[in-house]
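Colleague: In order, the protein sequence lines correspond to chains A and B. Going by this note's numbering, the residue at position 135 of the first sequence is 135; the numbering climbs one at a time, nothing skipped. In this note's numbering, each residue's number is its place in the second sequence (first place is 1) plus 155.
Just so you know, not all the hints are guaranteed correct.
[As the list claims (entries may be wrong)] Sample of chain A residues at the chain B side, in silico, Cβ under 7 Å:
| # | residue |
| --- | --- |
| 1 | T45 |
| 2 | R70 |
| 3 | D71 |
[To be verified] Cβ pair distances, simulated, as ranges:
| # | chain 1 | residue 1 | chain 2 | residue 2 | range |
| --- | --- | --- | --- | --- | --- |
| 4 | B | E169 | A | V108 | 34 to 44 Å |
| 5 | A | D71 | B | M324 | 16 to 26 Å |
| 6 | A | R43 | B | E169 | 51 to 61 Å |
| 7 | B | D238 | A | H102 | 32 to 42 Å |
| 8 | B | A236 | A | A67 | 22 to 32 Å |
| 9 | A | V100 | B | D176 | 24 to 34 Å |
| 10 | B | R233 | A | D71 | 42 to 52 Å |
| 11 | B | A236 | A | D71 | 45 to 55 Å |
Just so you know, these hints were derived from the structure itself, not from any lab. Only a predicted model underlies this, so the values are computations on that prediction, with no experimental measurement involved. Glycine included, each C-beta is placed from N, C-alpha and C at the ideal position.
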Amino acid sequence: MDHPAELELIEWVAGRLTPERAAAIETHLAACDPCRHKASAQRHTWDAMGDWTVTLPAHHLWSCVEARLRDTSGHVRRERTGWPWMVVRAAAAILLAAAVGHVAGRWVRSRAVGPPSTTTFAEALHLDALGAESPVGLTAAMRPLMPGLLKEDIR
Amino acid sequence: MAAVADGRMAALEELARRHQDSVIAMAYRLLGRWDSAEDVAQDAFVRIYYAAPAYQPTAKFTTWLYRIVVNRCLDLKRRQARDPVSTAQTAIDPPDDPATDPLDARETVERVREAVRRLPDRQQIAVVLHRYEDLSHRAIADATGWSESAVESLLVRGYANLREALSDMNEIDPPDRRETAG
């Protein structure tokens, strides 16, 4: 057998080769000093690395994560996604558009009426409460509405 | 993840509790600082929370998680390289457990930790994911975004550097031992 690749020796030491391949490597190592030397060095390195275990002290990762979520957004995300929520959003947008259109339509209609009739104008000025044949009463009624215009007349 | 995407904090809490030890240990081995490792772990789960709605279950969750952690660690390493003065502090380690950490083992750990720390970043990441997280070459490639052949090359060079750095610790039979003994 050819010398195994270095990566294969690493995986053999790690115990991650198929049993057949591992057996072939072991057969080769038994007969090849340079490869056995490499494998031995890798074994020692691998085992020494295994001594580096990280003992985790008690920590409060979750409480820190939760606090950061609240700090970064002021509130926890409640955003909804996925097709059901897209349908809901689309429906809400349509309803909103319809409502805006309805209000805008009413406003436009209210602005689109023709010139006021004499009767309507008189009603708006509450002239119906005055006698049409009473110019004094009419002037008195209009004075607060058109003070500059009536000043000369009053004189 | 679907529950996290739906905004359920309890689901994220469950994910954090399940993976926190692995994430913190990995980040600690890559960064060499306990406080930075905790920070990376917290950041990873915050990012997961916000990215959950866009998560596509095309890969294992742990692959995605490792990718976030690796990228965050690389960011911190680059920042440390750019601004070594402001980031240089004494290493903050987790408290030792003297009952399971005798002096000779502690020396070995110190040697290993220093040797791993001295590896180039990409070799370090490949070796840590391979040795301590038991990831395959393909899984390391997925977690890092590197090609599988690049990962294999990094592993070969990384372990070679470690063997050299730790060679004086190794009581290795010389290659011609059998010949001289026989």
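Colleague: Can you tell me whether the CB distance of B/A236 to A/D71 sits inside 45 to 55 Å?
Modeller: Since B/A236 and A/D71 have Cβ atoms about 28 Å apart, the given range 45 to 55 Å is violated.
Colleague: Within 32 to 42 Å or not, the Cβ separation of B/D238 and A/H102?
Modeller: 59 Å, violated
Colleague: Do the numbers back the hint for A/D71, that is, is its least Cβ distance to chain B under 7 Å?
Modeller: 10 Å, violated
Colleague: Can you let me know if the beta-carbon spacing of A/D71 and B/M324 is within 16 to 26 Å?
Modeller: 46 Å, violated
Colleague: Answer holds if the nearest beta-carbon of chain B is closer than 7 Å to that of A/R70; otherwise answer violated.
Modeller: This hint is violated: A/R70 lies away from chain B, its Cβ roughly 10 Å from the closest one there, beyond 7 Å.
Colleague: If I claimed the Cβ atoms of B/A236 and A/A67 lie 22 to 32 Å apart, would that claim hold in this structure?
Modeller: 30 Å Cβ-Cβ, so the 22 to 32 Å window holds.
Colleague: Can you tell me whether the CB distance of B/R233 to A/D71 sits inside 42 to 52 Å?
Modeller: Once the Cβ atoms are compared, 25 Å apart, the range 42 to 52 Å for A/D71 and B/R233 is violated.
Colleague: Close enough to count: is the Cβ of A/T45 nearer than 7 Å to one in chain B?
Modeller: 5 Å, holds
Colleague: Can you tell me whether the CB distance of B/E169 to A/V108 sits inside 34 to 44 Å?
Modeller: Since the Cβ atoms of B/E169 and A/V108 sit about 56 Å apart, the hinted range of 34 to 44 Å is violated.
Colleague: Evaluate the given range 51 to 61 Å for the C-beta pair formed by A/R43 and B/E169.
Modeller: 39 Å, violated
Colleague: Taking the CB of A/V100 and the CB of B/D176, does the distance hold inside 24 to 34 Å?
Modeller: 54 Å, violated
Hint violations for this structure: numbers 2, 3, 4, 5, 6, 7, 9, 10, 11, all remaining hints satisfied.
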